[in-house]
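Protein chains: 2
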Amino acid sequence: RRRPGARGVSPAAPIAARVGSGVHALVRGDDNARLFDYEQRVRSAFDAIVPALKRISALQHEEDFETRAQRVARERLGFELPGWILADAWVEQLDLRRLYAWCVFETYLRFSDDFFSADPLGSAEEAEFQAFLQDCGFHILDISPCADGRLAHVIRYVLRLPYRMVRRKSYAGALFDIEDSLAKWGETELLRFREGTPNTADAPTRYLKAVVYHYSSSAPDTEGCAAHGSDAVRAAEAGCERLLAFQQAVENSYCCGASIDLLLIGLDTDTDAIRLHLPDGAGGIEPGTWVDAAQLYDETRGLPAVEAAERIDARLREAAPEAPAGMLRLLARLLENNLSQIEYVQRHHGGRYPDIGHAERFIGAGKGFEEVQLRNLTYFAYLDTVEEAAPDLDVGVKIFSRLNVGHGLPIPVVVRFDYHGQVPGARERAVAHCRRVAGALAARYPELAGRGLLHSLQLVRDIDAGGVGGRVEVLDCSVREPAQEAH
Amino acid sequence: RRRPGARGVSPAAPIAARVGSGVHALVRGDDNARLFDYEQRVRSAFDAIVPALKRISALQHEEDFETRAQRVARERLGFELPGWILADAWVEQLDLRRLYAWCVFETYLRFSDDFFSADPLGSAEEAEFQAFLQDCGFHILDISPCADGRLAHVIRYVLRLPYRMVRRKSYAGALFDIEDSLAKWGETELLRFREGTPNTADAPTRYLKAVVYHYSSSAPDTEGCAAHGSDAVRAAEAGCERLLAFQQAVENSYCCGASIDLLLIGLDTDTDAIRLHLPDGAGGIEPGTWVDAAQLYDETRGLPAVEAAERIDARLREAAPEAPAGMLRLLARLLENNLSQIEYVQRHHGGRYPDIGHAERFIGAGKGFEEVQLRNLTYFAYLDTVEEAAPDLDVGVKIFSRLNVGHGLPIPVVVRFDYHGQVPGARERAVAHCRRVAGALAARYPELAGRGLLHSLQLVRDIDAGGVGGRVEVLDCSVREPAQEAH
Ligand SMILES: [Zn+2]
Ligand SMILES: [Zn+2]
Ligand SMILES: [Zn+2]
Ligand SMILES: [Zn+2]
Numbered sequence: 001r002r003r004p005g006a007r008g009v010s011p012a013a014p015i016a017a018r019v020g021s022g023v024h025a026l027v028r029g030d031d032n033a034r035l036f037d038y039e040q041r042v043r044s045a046f047d048a049i050v051p052a053l054k055r056i057s058a059l060q061h062e063e064d065f066e067t068r069a070q071r072v073a074r075e076r077l078g079f080e081l082p083g084w085i086l087a088d089a090w091v092e093q094l095d096l097r098r099l100y101a102w103c104v105f106e107t108y109l110r111f112s113d114d115f116f117s118a119d120p121l122g123s124a125e126e127a128e129f130q131a132f133l134q135d136c137g138f139h140i141l142d143i144s145p146c147a148d149g150r151l152a153h154v155i156r157y158v159l160r161l162p163y164r165m166v167r168r169k170s171y172a173g174a175l176f177d178i179e180d181s182l183a184k185w186g187e188t189e190l191l192r193f194r195e196g197t198p199n200t201a202d203a204p205t206r207y208l209k210a211v212v213y214h215y216s217s218s219a220p221d222t223e224g225c226a227a228h229g230s231d232a233v234r235a236a237e238a239g240c241e242r243l244l245a246f247q248q249a250v251e252n253s254y255c256c257g258a259s260i261d262l263l264l265i266g267l268d269t270d271t272d273a274i275r276l277h278l279p280d281g282a283g284g285i286e287p288g289t290w291v292d293a294a295q296l297y298d299e300t301r302g303l304p305a306v307e308a309a310e311r312i313d314a315r316l317r318e319a320a321p322e323a324p325a326g327m328l329r330l331l332a333r334l335l336e337n338n339l340s341q342i343e344y345v346q347r348h349h350g351g352r353y354p355d356i357g358h359a360e361r362f363i364g365a366g367k368g369f370e371e372v373q374l375r376n377l378t379y380f381a382y383l384d385t386v387e388e389a390a391p392d393l394d395v396g397v398k399i400f401s402r403l404n405v406g407h408g409l410p411i412p413v414v415v416r417f418d419y420h421g422q423v424p425g426a427r428e429r430a431v432a433h434c435r436r437v438a439g440a441l442a443a444r445y446p447e448l449a450g451r452g453l454l455h456s457l458q459l460v461r462d463i464d465a466g467g468v469g470g471r472v473e474v475l476d477c478s479v480r481e482p483a484q485e486a487h
Numbered sequence: 001r002r003r004p005g006a007r008g009v010s011p012a013a014p015i016a017a018r019v020g021s022g023v024h025a026l027v028r029g030d031d032n033a034r035l036f037d038y039e040q041r042v043r044s045a046f047d048a049i050v051p052a053l054k055r056i057s058a059l060q061h062e063e064d065f066e067t068r069a070q071r072v073a074r075e076r077l078g079f080e081l082p083g084w085i086l087a088d089a090w091v092e093q094l095d096l097r098r099l100y101a102w103c104v105f106e107t108y109l110r111f112s113d114d115f116f117s118a119d120p121l122g123s124a125e126e127a128e129f130q131a132f133l134q135d136c137g138f139h140i141l142d143i144s145p146c147a148d149g150r151l152a153h154v155i156r157y158v159l160r161l162p163y164r165m166v167r168r169k170s171y172a173g174a175l176f177d178i179e180d181s182l183a184k185w186g187e188t189e190l191l192r193f194r195e196g197t198p199n200t201a202d203a204p205t206r207y208l209k210a211v212v213y214h215y216s217s218s219a220p221d222t223e224g225c226a227a228h229g230s231d232a233v234r235a236a237e238a239g240c241e242r243l244l245a246f247q248q249a250v251e252n253s254y255c256c257g258a259s260i261d262l263l264l265i266g267l268d269t270d271t272d273a274i275r276l277h278l279p280d281g282a283g284g285i286e287p288g289t290w291v292d293a294a295q296l297y298d299e300t301r302g303l304p305a306v307e308a309a310e311r312i313d314a315r316l317r318e319a320a321p322e323a324p325a326g327m328l329r330l331l332a333r334l335l336e337n338n339l340s341q342i343e344y345v346q347r348h349h350g351g352r353y354p355d356i357g358h359a360e361r362f363i364g365a366g367k368g369f370e371e372v373q374l375r376n377l378t379y380f381a382y383l384d385t386v387e388e389a390a391p392d393l394d395v396g397v398k399i400f401s402r403l404n405v406g407h408g409l410p411i412p413v414v415v416r417f418d419y420h421g422q423v424p425g426a427r428e429r430a431v432a433h434c435r436r437v438a439g440a441l442a443a444r445y446p447e448l449a450g451r452g453l454l455h456s457l458q459l460v461r462d463i464d465a466g467g468v469g470g471r472v473e474v475l476d477c478s479v480r481e482p483a484q485e486a487h
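So the protein lines, in turn, are chains A and B.
Sequence positions in the first sequence follow my numbering and run 1 to 487.
Sequence positions in the second sequence follow my numbering and run 1 to 487.
Hints were generated in silico from the structure; no laboratory data involved.
Take the hints with a grain of salt, since some may be wrong.
Note that the list lumps identical chains together, so a pair holds whenever it fits in one copy or between two copies.
What the hints assert, rightly or not - Here are the computed lysine-lysine pairs in the DSBU-like style, where the Cα-Cα straight-line distance is at most 35 angstroms:
hint	residue 1	residue 2
1	Lys184	Lys367
2	Lys398	Lys54
3	Lys169	Lys398
4	Lys169	Lys367
5	Lys54	Lys184
6	Lys367	Lys54
Work out the full structure: start from the sequences and follow the hints.
Take a look at the structure:
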């Protein structure tokens with residue numbers, strides 16, 4: 001797999017060099033093709049599992065079952081199945097639950113390994129974006145989307161940002177943890193003071209904290225954010241309140257004029273069009289007014305790129321006459337980027353996703369999952385302990401009870417803890433953490449676990465290791481060959 | 001209650017002005033008297049509970065029981081008992097378990113309120129100690145003792161330090177959390193950079209991390225540290241390893257020559273005499289060699305103060321010829337301070353505590369407990385969740401099963417979370433945290449809880465509020481009047 005990034009885009013490249021070959025002049029057709037290819041490839045790997053297992057199930061009473069099953073698996077899934085599950089099929093029934101969980105985990109591992117070794121979503125714009133961000137007056141962009149799987153692609157697809165240049169930390173309802181963000185604020189400042197990274201502490205840039213809430217334009221009352229009762233107004237207001245509370249926390253916890261800037265983004269999960277709520281002059285946000293990317297797409301379609309961009313700038317200036325120029329430049333870029341995603345959904349998904357509701361393939365529990373940048377693949381439950389995250393996990397289990405358990409299939413849970421390999425003992429602590437959470441998970445849902453309807457894969461990953469060395473490490477899996485007993 | 005601190009001790013005060021009126025010339029007799037008065041007062045408040053309840057139990061079938069019981073309580077405990085517990089005694093038996101838990105909680109609350117409003121352990125040396133510490137080359141002293149209740153007095157009594165000037169964070173076996181200390185290191189640096197507190201970042205001082213492990217000279221095989229199998233050598237080596245791992249974590253996580261200094265202290269919990277392990281020239285520690293305060297006490301007893309101090313300095317220089325002069329000055333002060341505590345135990349506890357084993361009065365679970373600076377009062381279980389702290393809690397419950405449950409008395413657990421009131425929503429989060437942990441605790445020990453042998457008091461405290469405003473706030477208690485049902 002080739003590493004993308006051959007096109008050298010300089011920070012000063014004019015708009016015209018970055019866009020083109022879409023219906024809309026500002027849309028990047030090449031990006032859309034590449035992103036769709038990747039999404040398609042990953043999604044079909046997961047989608048192939050059920051049909052392949054159906055076929056294999058139909059073969060289970062044939063005499064050369066194992067050979068034929070492995071052939072089907074190789075052809076349709078690209079990997080072989082564990083022989084010990086197939087081998088027992090002649091005695092009892094083929095254990096399809098276990099086989100299904102195993103296939104989901106294997107597909108996930110292949111997808112994850114590909115991500116960390118081949119960098120399929122890498123962007124040539126990393127350095128350019130960091131410079132642009134600072135130029136707009138910010139030294140970090142810290143985004144908290146809702147943990148809903150329909151927002152998992154918000155950084156790389158919806159906003160078209162280089163994912164390594166943005167902090168993403170998802171929370172149910174986008175209600176991020178203020179203490180966690182406060183700690184990140186401190187870490188960021190310290191790096192600026194000590195190491196001048198990404199710029200020195202005396203540069204007049206700020207920490208920009210963004211929240212992405214969501215709603216559904218097709219089914220607003222049922223397919224919006226579950227954490228806010230599918231009410232877009234409540235979701236926006238809650239995001240706004242949390243942002244202001246974080247701002248106040250920074251101001252109260254640190255002196256010398258410490259503060260942050262705020263950004264509230266709404267996402268229509270049916271079309272991937274965003275709304276940007278506009279900052280007022282006083283550093284606050286107006287949850288009730290916004291600029292809508294879908295509307296701008298329609299309004300500027302057919303215009304030459306430069307004119308379309310000017311129209312967007314003008315709309316933003318009208319809507320927020322008091323906002324700082326740097327903030328408006330950043331917002332304009334986010335809007336322009338989103339036009340590509342709007343067209344992506346139009347071209348590849350008929351303008352409205354067929355799966356407007358939940359259709360995640362597995363639950364991701366723990367910390368990490370940088371590789372999950374695709375829509376509706378993972379229900380995130382970022383957590384330290386099951387004890388604290390029980391409400392989020394219960395929601396995930398409820399979703400999968402409908403998606404999977406209702407059809408006799410188990411809930412696959414990937415338990416994962418990333419660690420800093422350069423800190424002594426960090427791996428051992430991550431391993432212990434992973435095992436403890438996997439145990440607590442089985443203890444919380446004993447009936448599902450007992451009936452083979454909840455399976456877990458335990459992983460850790462060294463985030464200080466780059467490339468292939470930074471792949472996930474498998475610790476354990478609830479689908480495993482029973483130990484051979486001694487005679 | 002008067003606030004201490006009238007004696008103005010200037011940073012430059014000669015040794016002779018700070019000591020005197022003990023048997024040993026370097027011992028501070030006035031301090032010993034004040035500390036003993038406080039310890040005695042708190043301890044007798046807790047010790048009065050069982051005899052008072054015995055007396056009240058004997059009265060329970062008398063006709064004017066409630067009046068007489070309240071008189072006994074007022075006289076012996078200094079407070080009245082909840083009428084609704086007494087009122088039911090004529091129907092069934094007096095519920096002494098519930099009454100006992102209620103009395104422990106009430107006594108604890110009175111003790112805690114007194115601490116935060118009257119500052120009984122305040123020190124006049126706070127500013128002087130901070131200046132001295134910086135003069136020795138350190139801008140913070142971060143101490144992790146074992147969480148064992150027999151070390152709870154290590155800061156204010158054993159080492160005679162102003163407790164507000166030292167960070168204390170206890171862990172089972174003194175095995176402190178490296179990620180937590182790393183975060184504290186970062187916070188400390190940021191304050192130096194941004195606010196010049198306690199000094200500016202360019203001052204050539206370092207972060208000093210200390211571990212206090214413990215052993216028992218009378219019963220080394222049974223009354224040492226449970227986390228290390230009562231093996232003093234293992235406890236010292238484990239402390240040393242953890243310190244070196246933290247040092248390496250700082251060096252690997254931050255560049256620009258970031259590092260820390262280390263200190264390993266051993267405590268004989270029978271006599272409160274310390275051992276100081278000496279730094280080698282390379283910034284490491286020798287776990288196998290130390291200077292013993294008990295030995296120095298004997299060796300310098302009878303000498304005039306100045307000569308005794310010189311002898312101590314000489315011993316330290318002999319033992320660690322390569323250690324920096326500032327480190328040796330700090331060690332000398334810790335040794336001199338400890339002489340007072342050695343004499344304190346000699347004079348007030350016969351040279352060896354009668355309770356060389358566990359004799360804690362309650363379990364303290366959560367975060368906070370700054371007011372607990374007394375020996376054998378509290379078994380600490382610093383925790384965020386029961387899930388992560390289960391092994392520590394199990395040890396505590398085992399200890400109290402012997403101390404209390406074996407005698408029919410319940411285990412009192414104070415669940416407490418301190419918060420920064422200046423951070424918006426922090427109180428609400430602390431309250432939710434407290435309730436969640438209290439629930440998880442009852443769920444972990446359902447049999448004890450069901451039989452009324454586990455009781456909890458839920459508290460939060462605003463650490464940003466000073467004085468009386470910084471008292472604990474009671475949220476809930478498992479000992480409470482049953483709700484009146486409507487007819
Ligand atoms: Zn949501
Ligand atoms: Zn300041
Ligand atoms: Zn211990
Ligand atoms: Zn550097």
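Quick rundown of the hints versus the structure:
In the homo-oligomer, the alpha carbons of Lys184 and Lys367 lie at most 35 angstroms apart both inside one protomer (15 angstroms) and across protomers (21 angstroms), since each shortest distance falls under that limit. In this assembly of identical chains, Lys398 and Lys54 lie within 35 angstroms of each other by CA distance solely inside one copy; the values are 25 angstroms within and 53 angstroms between copies. With identical chains, the CA atoms of Lys169 and Lys398 are at most 35 angstroms apart within one copy only, with a shortest distance of 23 angstroms there and 40 angstroms across copies. Taking the closest pair of Cα atoms, Lys169 and Lys367 come within 35 angstroms of each other both inside a single copy (9 angstroms) and across two copies (25 angstroms).
Taking identical chains as interchangeable, the C-alpha atoms of Lys54 and Lys184 are never at most 35 angstroms apart, the minima being 48 angstroms within one chain and 55 angstroms between chains. In this assembly of identical chains, Lys367 and Lys54 lie within 35 angstroms of each other by CA distance solely inside one copy; the values are 34 angstroms within and 53 angstroms between copies.
Comparing the model with each numbered hint stated earlier shows that hint 5 is the single one that does not hold.
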